[in-house]
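Student: Protein chains in written order, with the numbering used here: chain R, 1 to 211; chain S, 212 to 639.
Since the hints were made in silico from the structure, they are not lab data.
Source: prediction; values computed, not measured.
Everything hinted at is true.
Covered stretches of chain R, as calculated for chain S (at least 3 residues, CB under 8 Å):
1) 19–32
2) 53–62
3) 66–75
4) 122–133
5) 184–193
We treat Cβ as the ideally placed atom computed from N, Cα and C, and that holds for glycine.
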Amino acid sequence: MEALRLGVILAAGVCLVGLWLRLRHFLSLPLARDLSRARGSARRGARYALTLGMMPWAKESTRKHALSYIRGVVFHLGIFAALVALVAALSGARPVGGSLLLAEVLVGAGLVAGIIGLLERLARPDLRALSTADDYVAVLVMDLVLLAALAWLRDPAAVGWFYALAIAMLVYIPLGKIRHCIFFFPARIFFGRHFGHRGVLPPAVGGGEAR
Amino acid sequence: MMDKALEVLERRLSRQLAASLETCVRCGICADSCHYYLADPRPEHVPAYRAELLRRIYRRHHDPVGRLFPGLVRARELDDELAEELIKSAYGTCTMCRRCVLNCPMGVDNGLIVRTARGMLAALGRVPKGLQDTVDVHLESGNNMAVSEEDFVETLEWLEEQLQDEVDDPEARIPVNQAGARVLYTLNPREAKYYPLTILAAAKVFYAAGESWTLSTRAWDVTNYALFNGDDEAAREIAGWLAQEAAELGVEEVVMAECGHGFRAFRWEGENWLGRSYAAPVRGFVELVAEYIRTGRIKLDPAQNPEPVTYHDPCNQARNGGILEEPRYILKHAVADFREMHPHGRENFCCGGGGGMMAMGEFAEGRLAAGRVKAEQIRATGAKVVATSCHNCLDQITELSKHYDLGIKVLNLCEVVAEAIILPGDRQ
Ligand code: SF4
Ligand code: SF4
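Chain R on its own, in the form it takes in the complex (with noise of 0.2 Å):
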């Protein structure tokens, strides 16, 4: 067991260095400056796209796909509970009372969410149509951590399960699509200056507003 726990810790390392090179690449790129006289604040922007844009009400596509927005929430905030359980399982910690039920539920809601995502991008067409293997390998390797992650927590000896695949989890996390975890913040920000530079974000209160 030992030694799959320091293979955790190793997959962590690899994970980090990974990450770190995709984030070199992304940094040795030019920062296009943007030179138009502001109409609004970048900076009021980048903070709304952080926050209440982040709100399922901010847009349209959320409001309409409330559903999905749950579900891809529920299914992070497992992702987040699974991986605090990790660094429990790792440190020799487990929680208990309250806090495991609440570990219990959090990942337990994440791989439901996670399972029902994986069906519906097998099910719809348009989804599939855009899918590369990596969006198929990606929810499958979360969602095999989820349930593995909920072993642990209802019976201590599925440590070795959970450890293994959280190597494999830890190993694929820079090559696939789950690295959008680092470059969702600089998305964001460029999307919310851009659009708060320009004067359309955050919205104003008055005319010109969707509803």
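Got chain R; can you put chain S with the ligands on it based on the hints?
Tutor: Below, chain S with the ligands without anything else, positioned relative to chain R:
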């Protein structure tokens, strides 16, 4: 053979573009934010699908997995087949309206990706002919319809007489090449050639406001279709002419005629293409008119426009340009019965005429089909008049009216305002 296109990708690969290429999770939630998908829900009409075509090339060159195991991430080299698919996708079924961008939870800029793809195709000389011709004519003649200086001046002289008649003032002028004027106003060649009455409408507004303004015979075309063919060199050259003319005339501001893409190109992109700031700030005509009303420089009588009016936000002026409040402010003063479309403003649907689509006849069928979303929006308002602030939108909505039997009149805002204007002598 494809090297030129790949060079464009390398040159334009900024952090902004890379973030958009890296972040898409193929969730597909952007699908029904696109009017093409709503009108015809095919997988190829999902905004992210269009972006994926370029992403495949990016992965082949910038993603270790894409280099080693291309099949895993569908990475591939740009070849003739992919170029053909890109033409159909980036030019044929995307107006670069960026409605999908506002609706992406990740902040992926599909518009930026599509324009990059267009730039790559432009480098290969594979821009659809009608669109490329428009840019070429502009570069060769100084405006996109090859209006000669002689014809332009003649038209303006005739319009000046019309203005004098209309405002009953023999001193009313359409000034040309006036150094030191406060405002340099620009025009769409379409106005000079086919719709001179919109020039007259704008001149009437300037007259009523007592504005110090001028047109130029050297650089007057508000359009810049290189925004749409994707060719930054051409875009830079065209934007440079107007910037230089404004500096030479020493005006305080450049005011763009009602042309959505022209406004976006010069107001928001031009300084970035040129790599320097303009001498004078740039505003849209709509912004200036709203200011005239707010400051009491012009007075309007809404009773002159009694029919129900709705407003179509040109994507390039609203979602991509921030002009959201002003048209509504103007219309509330200029018409008796203003009705909003739903959704509107930044979330407005593209009419289908953007992205240079009006110049690409080969995609007309899809353009009209995708315009169904807009046609339904208009019909739901019950309006008899659609005001807009863009000549491409005006043309497309006029075609939509015929195609979908909407029975509406389509006007640019300046025409609505000119109809309602109370001339200084009549203000008692
Ligand atoms: S562009 Fe955005 S909304 Fe569309 S599939 Fe990609 S991440 Fe999802
Ligand atoms: S930019 Fe507009 S037309 Fe193009 S994919 Fe996005 S929503 Fe559709």
